[in-house]
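K.L.:
Go ahead and model the full structure; you've got the sequences and the hints to work with.
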Amino acid sequence: MKKIGLFFGSFNPIHIGHLILANYILENSDMNELWFVVSPQNPFKEKKSLLNDHNRLDMVELAIKNYPDMRASNVEFSLPTPSYTIDTLTYLKEKHPDYSFSLIMGEDNLGSLHKWKNADLLIKNHHIIVYPRVSEGDKKDSEYIKNENISLIKAPVIELSATEIRNMLKQGKNVRPMLPPEVFEYLDGSSFYK
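Following the working numbering from start to finish, the sequence shown increments by one per residue and tops out at 207.
I should point out that these hints are in silico values taken from the structure, not numbers from a laboratory.
Simulated crosslink set (PhoX-like; lysine-lysine; CA at most 25 Å straight-line):
no.: 1; residue 1: Lys15; residue 2: Lys137
no.: 2; residue 1: Lys167; residue 2: Lys137
no.: 3; residue 1: Lys167; residue 2: Lys16
no.: 4; residue 1: Lys16; residue 2: Lys106
no.: 5; residue 1: Lys78; residue 2: Lys15
no.: 6; residue 1: Lys137; residue 2: Lys159
Okay, the calculated beta carbon distance ranges per label pair:
no.: 7; residue 1: Pro81; residue 2: Glu161; range: 27 to 33 Å
no.: 8; residue 1: Thr176; residue 2: Arg84; range: 21 to 27 Å
no.: 9; residue 1: His67; residue 2: Met181; range: 20 to 26 Å
no.: 10; residue 1: Ile29; residue 2: Lys137; range: 33 to 39 Å
no.: 11; residue 1: Lys137; residue 2: Asn180; range: 38 to 44 Å
no.: 12; residue 1: Gly202; residue 2: Ser164; range: 38 to 44 Å
Where is the CB? At the ideal position from N, CA and C, for every residue including glycine.
P.N.:
Here it is as structure tokens:
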């Protein structure tokens with residue numbers, strides 16, 4: 014059975030922190046592929062600062078073009094919004110019955126996992142890989158932390174924020190070191206985030 018890690022996010026824009034984390038997980042797990050699932054709308058975030066879905070997908074595709082085990086997924090583009098992870102996983106499992114899907118999330122999300130739609134079903138039916146964040150939220154108090162389907166990994170902590178990158182772009186500051194070169198070129202000269 015092919016093992017797929019699903020890294021959900023707005024990727025608004027995708028940055029080097031995302032790539033470092035994705036590569037670390039692929040190199041230190043038994044996953045065959047990692048898919049960046051570009052979310053049209055996170056139910057916990059406002060849509061106003063979100064770049065067009067297809068522009069964000071284009072940036073992910075550009076960022077991962079030299080990583081053969083990474084894919085960009087637009088699966089949520091055709092699903093109802095806001096996007097709920099459990100619905101996307103159910104859809105993917107029906108479409109790819111021979112694949113095993115794991116969910117990748119930051120430990121800051123673990124504390125609020127109980128607020129997610131059908132959280133118990135999500136945890137029961139899917140392996141969840143949790144990577145460290147500087148802002149841990151209330152992970153230590155999470156009822157799920159000892160669940161056998163949840164694995165905490167010791168990935169490098171790269172504290173880059175897409176919000177901060179967008180703000181820097183708005184102010185005309187140099188963000189080149191924070192972005193994959195192809196994504197920097199895509200944004201440079203555009204009016205995106207300005």
